[in-house]
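As they're listed, the protein sequences go chains A and B.
Note that the working numbering has the first sequence beginning at 24, numbered continuously upward.
Note that the working numbering has the second sequence beginning at 36, numbered continuously upward.
These are computed hints drawn from the structure, not numbers from a lab.
Take these hints with a grain of salt, some might be off.
[To be verified] Pairs of lysine-lysine, DSS-like flavour, derived with a Cα cap of 27 angstroms:
1) A:Lys30 to A:Lys447
2) A:Lys50 to A:Lys514
3) A:Lys264 to B:Lys146
4) B:Lys38 to A:Lys267
5) A:Lys30 to B:Lys146
6) B:Lys146 to A:Lys142
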Amino acid sequence: MDMNEIKEIFFQECEEQLAELESGLLKLNDGDRDPETVNAVFRAVHSIKGGAGAFGLDDLVAFAHVFETTLDCVRSNRLEPTQDVLKVMLKSADVLADLTNAARDGGCVDEARSRGLVKELEALANGEALVASAEAPKPTPKAAEPVQAAPAPTDESGFQPIPFSFDSFGDDEVAAEYGDTYEISFRPRRELFSKGNEAALLLRDLSRIGEVSINCDLDALPALESMDPEESYFSWKISLKTVKTEDDIRAVFEFAEWDCDLEVKAVEAASQAEELPMVPVPFDLSALDDVPAPAEESEPARAAAESGTAGEDAKMAAAAARVEKKESAAAAAAQTTAAAAAAAAQTTAAAAAAGQTIRVDLDRVDRLINLVGELVINQAMLSQSVIENDTTGTSSINMGLEELQQLTREIQDSVMAIRAQPVKPVFQRMSRIVREVADMVGKSIRLVTEGENTEVDKTVIDKLAEPLTHMIRNAVDHGIETPEKREAAGKDPEGTIKLTAKHRSGRILIELVDDGAGINRERVKQKAIDNDLIAPDANLTDEEIDNLIFAPGFSTADKISDISGRGVGMDVVKRSIQALGGRISISSRPGQGSTFTMSLPLTLAVLDGMVVTVAGQTLVVPLTAIVETLQPEASAIHSFGANQRLISIRNSFCPLVDVGRILNFRSAHANPMEGVALLVESEGGGQRALMVDAIQGQRQVVIKSLEANYTHVPGIAAATILGDGRVALILDVDAVVAASRGHSLKPEMSLAATG
Amino acid sequence: MKKKVLTVDDSRTIRNMLLVTLNNAGFETIQAEDGVEGLEVLEGANPDVIVTDINMPRLDGFGFIEGVRRNEKYRAVPILVLTTESDAEKKNRARQAGATGWIVKPFDPAKLIDAIERVTA
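All chains should be modelled from the sequences, with the hints used to inform the complete structure.
What follows is the structure, given as structure tokens:
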């Protein structure tokens with residue numbers, strides 16, 4: 024692993040932390056005051072800052088630092104997370120996300136915005152500082168900390184300034200040249216050892232910065248019987264000749280200075296000898312170079328000196344004995360408590376297993392999915408050939424095959440589940456869009472999300488973001504009224520948009536509900552007439568009018584606004600949903616709001632299809648498009664115009680579409696009475712009856728992209744391999760229906776290209 | 036024999052950096068994601084030195100250090116705190132909990148190795 028890979032991991036982690044941050048802030052916004060939520064939010068920013076520092080991403084560090092400081096005020100209950108405070112924090116989270124993206128992909132960030140937020144965040148932290156200083160005379164150093172400290176975090180390393188007196192020195196220059204002699208007195212306290220520090224190591228480090236002469240004072244050492252093995256009895260006087268400064272010497276004791284008495288004094292060269300306070304006891308550090316051999320322990324003074332505490336060895340021996348004793352006791356008890364221990368171990372293992380994840384390269388998963396697809400096809404082929412060759416029909420092979428089929432299906436479902444992900448990240452992105460757009464248009468809007476943990480294939484999630492973004496923008500811009508209008512209509516001035524996801528019969532259902540004004544049908548109809556989408560005298564139901572907004576080239580906004588009027592209409596949204604094999608519909612109640620409902624497949628790798636025959640060809644029609652199938656009767660078929668025909672179904676007329684003609688499988692019209700009609704729902708909510716020759720059956724097929732191997736074929740969405748090994752094409756229902764309206768089959772007309 | 040280092044940090048980025056740095060410097064590295072896991076791993080790991088973060092979910096660095104210091108067998112293991120926290124108060128809390136020393140982020144491989152060398156023989 025090299026730094027680039029770690030950097031990649033860092034950015035992945037940033038995304039997770041940003042999601043965590045946003046969801047935490049939203050929870051706080053909803054009144055959650057759980058300290059763990061605040062901690063999680065703080066940790067997210069803290070983590071980003073930590074990683075960014077390691078990669079020298081200074082902009083990111085600087086902003087994260089200010090953000091963190093303010094969050095720390097919240098964490099320590101010095102700042103109340105009010106709605107206003109959270110508004111600033113949510114915006115800061117957005118900027119943090121922008122900065123992260125900029126750090127990864129280059130590009131720039133709205134600097135004015137980030138500067139503005141830095142000021143706001145500082146104001147929050149500083150405003151707090153004023154309050155704090157009013158309560159307690161001592162000012163809060165954290166709040167007063169200058170922001171500029173952040174880009175160079177090394178400066179805030181927190182090393183305490185050490186009082187440093189030049190009085191005791193002669194000339195600094197001379198000192199640097201010849202080296203100075205320092206008299207160091209070092210008396211460790213027992214805490215020094217209990218914190219894992221080691222006197223001998225400190226002395227070793229001291230010996231590395233100059234020439235040392237170390238003398239150990241053993242006077243405090245009591246008689247063996249009154250010795251506390253964990254007490255510190257030794258102290259040292261060290262004479263150090265070095266070119267380093269007193270600061271450098273103290274830095275050696277950086278970790279220990281709280282737990283020892285330390286004196287560092289520069290001495291005059293002449294007075295050195297006389298000032299040695301005691302008889303030198305040679306103190307050998309060479310033993311540290313290697314692990315002391317057991318034999319050396321026979322030399323008690325030296326061993327004691329090595330460890331720094333007189334009874335260290337005794338202590339260790341005692342500890343070892345205790346451990347041994349415990350172990351043997353445990354062994355004795357083992358048999359009686361074996362069951363309990365096993366149970367406990369199991370619980371621990373289960374606890375450890377919960378929530379464990381591994382990261383897998385997406386390519387590997389896709390390869391697995393492909394292979395399972397092949398397995399499904401292979402299994403179907405095997406079944407078919409066994410059925411064809413097995414005349415008795417009761418062989419055990421058949422039973423085995425059935426089991427194989429079930430297993431294959433289970434494997435397939437499990438593999439699909441690997442790709443399944445919660446819709447949460449997409450939903451979270453939406454809350455930012457609502458915030459930003461609402462801010463821009465001066466509306467006050469709350470986004471409520473439900474079912475964020477509903478899982479769906481990753482590809483679906485990735486492709487869902489864009490249409491959803493567009494719909495959210497629309498809802499904020501057009502759907503929800505201004506606060507004044509809402510108040511006038513007796514509504515809460517704050518609008519609500521609700522985004523819900525749930526599983527419904529093997530598909531995912533996403534609903535977008537706003538409590539705005541609803542569709543203005545008069546205006547929609549007028550617009551449709553103006554745009555030549557419908558005849559001026561057309562008689563349309565409310566539902567049909569509502570669905571006009573999905574018609575290509577339709578836009579209801581009187582003026583094209585910055586937000587939703589980007590030349591993209593709801594028709595594009597509908598197309599992208601359909602491209603995912605989904606459907607979208609709208610229902611609206613004037614004055615009460617609109618509901619968009621999207622139904623999407625859980626995966627793009629398999630499809631439930633109706634296998635049909637058209638002019639000797641086998642085709643697959645996606646089951647989701649089919650409303651019902653029926654056998655036309657002569658009396659129900661009516662001719663209309665030159666070569667159009669209608670079928671009457673329960674007192675309504677529905678255009679009959681000859682699939683064979685549209686796809687150029689045949690030149691003559693098929694006789695409707697000899698075929699089957701598939702009633703399908705098509706673009707715009709209308710229904711069409713597709714004429715096919717026969718229905719072979721219904722089955723799940725593995726989608727194989729045509730584009731990947733061949734090229735896009737108008738009217739055909741994809742291909743699949745059937746149980747008999749033959750390739751069948753999957754019909755693009757909307758393209759075929761569009762073609763029947765007189766548009767020819769053109770590549771761009773094809774909507775349901777799936778991959 | 037290779038010296039064994041136990042690192043405890045919730046950030047995947049920092050964990051990876053520690054791993055690469057320590058492995059390159061010839062240490063054997065064992066990793067845990069938070070204080071709770073750190074204490075679990077400790078038993079079998081028998082580390083020569085521990086490097087831990089402060090801000091972690093489930094059990095933070097302070098709690099983890101206290102846990103190690105309460106452990107009869109491992110209480111003398113040197114513990115270095117790896118943290119961006121710079122104010123004296125945090126450092127003091129870490130010391131009171133029983134930290135041996137600290138390494139201030141941003142993460143610098145040389146600083147890390149130097150600190151480890153300082154507290155191990």
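Outcome of the hint check:
1. A:Lys30 to A:Lys447: 25 angstroms, holds
2. A:Lys50 to A:Lys514: 25 angstroms, holds
3. A:Lys264 to B:Lys146: Roughly 25 angstroms between the alpha carbons, so the hint for A:Lys264 and B:Lys146 holds.
4. B:Lys38 to A:Lys267: 30 angstroms, violated
5. A:Lys30 to B:Lys146: Given that 27 angstroms is the threshold and the Cα spacing comes to 20 angstroms, the pair holds.
6. B:Lys146 to A:Lys142: 34 angstroms, violated
Comparing the model with each earlier hint shows violations of hints 4, 6; every other hint is respected.
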